[in-house]
Amino acid sequence: MSIEVRNVTRRFGSFAALEDVSLEVCTGELLALLGPSGSGKTTLLRVIAGLETVDSGQVLFHGEDATTQHVRERRVGFVFQHYALFRHLSIFENVAFGLRVRPRSQRPPEAEIRRRVHELLALVQLDWLADRYPHQLSGGQRQRVALARALAVEPRVLLLDEPFGALDAKVRQELRRWLRRLHDEMHITSVFVTHDQDEALEVSDRVVVMNEGRIQQVGTPQEVYDQPANAFVYRFLGNVNLFHGRVQEGRALIGGDSVAVPAHGDTPAGAALAFARPHDIEVLRPRAGAQGIAARVEHVLALGSLVRVDLRPDAGNEVIHAELSREDARGLALAAGERVLVRPREVRVFAA
Amino acid sequence: MTALALPSQPAAPAAGARRIDRATAEPAWVRLALIGLALAFLTTFLFVPLAAVFYEALRKGVVVYARAITEPDALAAVRLTLLAAAISVPLNLVFGVAAAWAIAKFEFRGKNVLVTLIDLPFSVSPVIAGLIYVLVFGLQGWLGETLRDHDLKVIFAVPGIVLATVFVTFPFVARELIPLMQAQGVEEEEAAVVLGARGWQVLWRVTLPNVKWGLLYGVILCNARAMGEFGAVSVVSGHIRGMTNTLPLHVEILYNEYQFAAAFAAASLLALLALVTLALKAWVERRFSH
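Chains A and B, in that order, are what the protein sequence lines are. Heads up: the first sequence runs through residues 1 to 352, numbered per this note's numbering. Heads up: the second sequence runs through residues 1 to 290, numbered per this note's numbering.
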């Protein structure tokens with residue numbers, strides 16, 4: 001089941017939650033809507049589900065216009081951020097709900113309902129909790145029950161709103177790998193909302209980066225990470241250092257140093273913003289003839305396989321963050337207060 | 001009332017616990033003074049009057065008491081009181097649920113006006129409420145002639161009493177449910193709709209089960225008020241013995257006729273009703289908090 005969103009606009013008063021958004025979700029893919037809070041990602045998900053109306057534009061399911069179709073008839077599975085389990089029903093009855101509310105002619109017989117519910121609870125590995133109530137379960141367990149409940153109605157698409165938002169770090173990690181495996185087995189077209197770039201990059205087939213009600217970029221995790229379309233996407237996906245400089249003849253001039261930026265060979269000379277990831281920052285001992293930004297080591301922190309170094313440049317007061325491998329760090333033997341030269345190995349330049 | 005903790009609680013054996021106890025507690029004389037004040041207040045204004053009702057009712061013996069509550073006019077008053085409650089409580093139940101559902105779960109224009117309207121009976125004196133019905137349905141009222149032409153009697157008759165009771169008990173169920181439903185949000189309802197549930201199914205299977213204890217609590221309070229209402233009912237009733245007298249009005253008439261024992265006997269029925277209501281309320285509250 002493919003989903004298409006065409007030129008959708010949705011305003012709440014004077015606030016534009018979605019501004020002329022168009023998006024295509026291919027059959028069987030797992031798509032992430034990624035953005036900061038207030039970027040419109042949840043509104044877009046709710047528009048697809050039919051829980052939110054649009055001011056203009058269309059939503060198509062498998063090529064058919066579903067814009068005016070009622071939520072009930074869209075046959076979507078929706079997993080809510082806070083799970084929204086029915087607190088007065090047992091886990092079994094929560095999962096069975098979607099089958100029990102069907103009109104009598106379409107309702108499966110009781111034995112069939114029991115079989116299906118137990119099958120789904122087994123799928124999410126919670127069959128042993130069937131008789132419990134939601135408040136007796138942990139966050140991760142509730143999340144899986146919510147997923148089983150959404151799948152019980154055999155939805156055409158699965159929509160998940162911040163599915164791991166309320167869980168602690170370790171459970172998050174486990175659940176997102178599990179969700180990825182589950183999707184690989186079931187191949188149901190799925191869209192999930194997240195504000196966590198690691199989650200989006202790790203789990204999804206494609207990522208949609210949103211900001212201020214507009215789509216900034218759509219692409220595979222690698223594409224959006226390696227070739228961000230604009231400064232917002234670059235900043236949002238991971239830590240970043242910002243340098244104010246100039247771009248000239250295919251080189252970025254930053255604080256007395258210059259870095260090749262072949263992509264900007266034809267850009268007319270002018271002020272530019274250059275971004276560099278912490279792992280693309282090189283730290284050198286000052287030597288005669290060595291080029292770079294003069295800086296002082298402010299802080300060195302060994303973190304697992306990486307060593308994180310904070311550097312304060314002589315000009316300007318924005319701290320530069322560098323991530324060195326353990327070997328490089330050992331070779332340099334940096335200590336706080338020492339003077340060094342900083343060079344970005346690779347930068348991405350956007351017009352200032 | 002049982003929440004007043006007495007200072008003579010068994011002292012904690014651990015020295016640390018005792019030190020914490022001392023750090024957060026007032027000196028003994030302050031505690032004793034406060035508790036004494038509270039008890040004196042409750043005794044004067046609640047326990048003594050309540051005891052007086054039963055004492056006065058039984059002062060002339062059980063025979064007089066029994067005769068007072070079984071004479072035809074008293075029985076008629078009991079019947080009318082029960083009838084008024086039996087009609088107005090279900091009406092308010094339906095209305096309260098409908099209003100609370102609309103207000104807590106949907107956004108629409110004029111919502112604040114509706115909330116204010118629901119609160120109106122709380123802010124208007126019951127006597128005024130009764131008077132409004134006299135002005136509308138009375139012989140000289142707006143609809144008086146039309147009603148007379150069709151041989152319908154509202155004021156000084158049972159319909160008027162029911163109308164007045166419905167009016168004063170209007171907010172009880174809705175007021176109890178609105179904050180509860182608002183706190184629960186709409187996510188569960190949305191989940192139900194996404195799973196294919198129709199409007200009625202959402203109400204019966206999701207919304208109502210989640211508020212059932214709050215609903216019962218509201219109904220109990222509503223019932224207590226419906227049976228005890230005096231002011232509004234007094235204006236529209238006409239005080240016709242055996243016909244339009246409710247229990248509270250019956251008490252007043254007997255008292256004005258210096259039949260103290262009978263008046264207190266009837267009053268003791270109302271007091272008993274209040275005690276049963278309180279017990280029910282306490283039981284529901286205990287269930288509610290789980």
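To be clear, the hints were calculated from the coordinates, so they are not data collected in a lab. Note that beta-carbon positions come from the ideal geometry of N, C-alpha and C, so glycine has one too. Treat the hints with care, as some may be off.
What the hints assert, rightly or not - Below, a list of computed lysine to aspartate or glutamate pairs in the EDC-like style, where the Cα atoms sit at most 20 Å apart:
| # | chain 1 | residue 1 | chain 2 | residue 2 |
| --- | --- | --- | --- | --- |
| 1 | B | K105 | A | E52 |
| 2 | A | K170 | A | D196 |
| 3 | B | K60 | B | E257 |
| 4 | B | K212 | B | E285 |
| 5 | B | K212 | B | E252 |
| 6 | B | K212 | A | E93 |
Said to hold, decoys possible - Computed footprint of chain A on chain B; a stretch qualifies when at least three of its residues, placed anywhere within it, have a C-beta under 8 Å from a C-beta of chain A:
| # | stretch |
| --- | --- |
| 7 | 192 to 202 |
| 8 | 205 to 214 |
Stated by the list, open to error - Which residues of chain A face chain B? A partial, calculated answer using Cβ under 8 Å:
| # | residue |
| --- | --- |
| 9 | L51 |
| 10 | V71 |
| 11 | A84 |
| 12 | F86 |
| 13 | V101 |
| 14 | R132 |
| 15 | Y133 |
| 16 | L137 |
| 17 | G139 |
How the hints compare with the structure:
As the CA atoms of K105(B) and E52(A) are separated by approximately 15 Å, the hinted pair is consistent with the 20 Å bound. For a cut-off of 20 Å, the pair hint linking K170(A) to D196(A) stands: about 14 Å separates their Cα positions. A distance of roughly 17 Å separates the Cα atoms of K60(B) and E257(B); the hinted pair therefore holds under the 20 Å criterion. Annotation: proposed proximity of K212(B) to E285(B) holds, straight-line Cα distance about 12 Å (limit 20 Å).
For a cut-off of 20 Å, the pair hint linking K212(B) to E252(B) is broken: about 37 Å separates their Cα positions. For the given pair, K212(B) sits about 18 Å from E93(A) by alpha-carbon distance, which is consistent with the 20 Å threshold. Using a Cβ-Cβ cut-off of 8 Å, 8 residues of the stretch 192 to 202 of chain B lie near chain A, which meets the minimum of three, so the contact claim holds. Evaluation of the coverage hint for the stretch 205 to 214 of chain B: fulfilled, as 4 residues show C-beta separations to chain A shorter than 8 Å, against a requirement of three.
Checking L51(A) against chain B by beta carbon gives a least distance of about 6 Å; that is within 8 Å, so the hint holds. About 5 Å separates the beta-carbon of V71(A) from the nearest beta-carbon of chain B, less than 8 Å, and the hint is met. Annotation: interface hint on A84(A) holds; nearest CB of chain B at approximately 4 Å, less than 8 Å. Among the interface hints, the one on F86(A) holds; its C-beta lies about 6 Å from the nearest C-beta in chain B, closer than the 8 Å criterion.
This hint holds: V101(A) has a C-beta 4 Å from the nearest C-beta of chain B, less than the 8 Å allowed. Here the hint on R132(A) is broken, as its CB sits about 16 Å from the closest CB of chain B, past 8 Å. For Y133(A), the interface hint is violated, the least distance from its beta-carbon to any beta-carbon of chain B being 12 Å, above 8 Å. The restraint placing L137(A) at the interface with chain B is violated, with a minimum CB-CB distance near 16 Å, outside the 8 Å limit.
Below 8 Å, beta-carbon pairs count as interface contacts, and G139(A) has none with chain B, the closest being about 15 Å; its hint is therefore violated.
Violation of the numbered hints given earlier is confined to hints 5, 14, 15, 16, 17; the remaining hints are satisfied by the structure.
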